[in-house]
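Q: Required output: the full structure, derived from the provided sequences and hints.
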Amino acid sequence: MVVNCVDSPTRQFRDGRGSVKRLVVAVGSLARGFAVFWWEFLVGDTPELFIAVVALVAVGTLVSVVAHAHGLGAVSLVVLVVGALALSLRRAAR
Amino acid sequence: MVAVVSSSAVVLSVAVFVACAVEMVEALTIVFAVGHTRGWGAALRGAATALATLAALVALFGPALVRVPLGGLRLVVGALLLVFGLQWLRKAILRSSGLKARHDEDAVYAETVTELSGAPTGPPGDRVAFVVAFKGVFLEGLEVVITVLTLGVSAHRLTLAVASAAAAVVVVGVVGAVVSRQLSAVPENAMKLIVGVMLVSFGTFWTGEGLKVHWIGGDVMIVGLVATYLVVAWLLIAWIRQRASSVTGVAR
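Protein sequences, first through last, are from chains A and B. When the letters of the first sequence are read in order and numbered with the working numbering, they come out as residues 1 to 94. When the letters of the second sequence are read in order and numbered with the working numbering, they come out as residues 1 to 252.
One or more of the hints may lead you astray.
Quick partial rundown of chain B residues pointing at chain A, CB under 10 Å, derived from the structure [what the hints assert, rightly or not]: (1) 40; (2) 44; (3) 48; (4) 82; (5) 109; (6) 142; (7) 143; (8) 207; (9) 211; (10) 214; (11) 239.
These are computed hints drawn from the structure, not numbers from a lab. Built from N, CA and C at the ideal position, the CB exists for glycine as well.
A: Okay, structure coming up:
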């Protein structure tokens, strides 16, 4: 007896599961690529600069938004940017 | 009629134009290497497809970002520009002070030619040539897309930012086609230093705006920040050079 497996429900179910799996793998790989891109873009080989910018935003929030010292906030931002750059260069020059 | 152009618009145009020009020089070097080695058809197709994809990204995300509340957007964009700009500025200072090798377009060209020479030659629709040209233009262009979107949207001047980037693509493309392969003569490091200073200036300004700090003179302060960071960069180059020479002196 010859059984036509081409359109059988089992085959269709297996094909369906296969394509879902392929989709999950493709989405996973896209998400991983996206995360790697942003990690390389923001952190890369200079994690100190990323940390410095996060710290700078935190200090700026404390000074300007919490303490309402808006003028001092401007000055502290510039000073912290220069400090972060100098420290990163010092690290590179070591 | 006197046309009133704000200083921040001028600085924004210059920043986007120079940033785009720098990346275009790097991308064009790869396209030239592919074109000379594998033929111009696939190289130009790859470059054109990448440019179309980048333009689609700007068209897709630009209008969407415009709808985001400005205060929060400026803080996020400012922080992003600070990270990005500080990385550029750091690299440019290290190159200017001699601690890091300068970006050599001749070396990139030679490297790409060697890589492609080893690959099997293909038909007129050369897939390897297409992919290498596409990758070169797309990856270099992504940084430009981020610069255009962040600067353009924060300043509410997306059209101006896109126009500046497009102008840079046309100018560098035409000049590159005329001088062909002489892209190493472009003062890339100096341009990178200027872009780094501008990105850090915009980053500081927008972060401050997001945090509601008080900038003396409002938008004009961007010019003041550019001047301040240029002086700081110059001082840091001198400091790193002196530090490097004193270390060499001690080693001797």
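Q: Next, verify each hint and record whether it holds.
A: Structure-based check of all given hints:
1. Nearest Cβ of chain A to the Cβ of residue 40 of chain B: about 30 Å, over the 10 Å cut. The hint is violated.
2. At about 26 Å, the closest approach between the beta carbon of residue 44 of chain B and any beta carbon in chain A exceeds 10 Å, and the interface hint on this residue is violated.
3. Annotation: interface hint on residue 48 of chain B violated; nearest CB of chain A at approximately 23 Å, more than 10 Å.
4. Look at residue 82 of chain B: its Cβ gets to within about 5 Å of chain A, closer than 10 Å, so that hint holds up.
5. For the restraint placing residue 109 of chain B at the interface with chain A, the shortest Cβ-Cβ distance is roughly 24 Å, beyond the 10 Å limit, so the hint is violated.
6. A cut of 10 Å between beta carbons decides the hint on residue 142 of chain B: the least distance to chain A is about 8 Å, and the hint holds.
7. The criterion of a C-beta within 10 Å of any C-beta in chain A is met by residue 143 of chain B, whose closest approach is roughly 8 Å, and the hint holds.
8. Restraint check, residue 207 of chain B versus chain A: the minimum CB separation of about 6 Å is within 10 Å; hint holds.
9. A hinted interface residue such as residue 211 of chain B counts as satisfied when its beta carbon comes closer than 10 Å to some beta carbon of chain A; here the least separation is about 4 Å, so the hint holds.
10. Given hint, residue 214 of chain B at the interface with chain A, holds; its Cβ is 4 Å from that chain's nearest Cβ, closer than 10 Å.
11. Look at residue 239 of chain B: its Cβ gets to within about 8 Å of chain A, closer than 10 Å, so that hint holds up.
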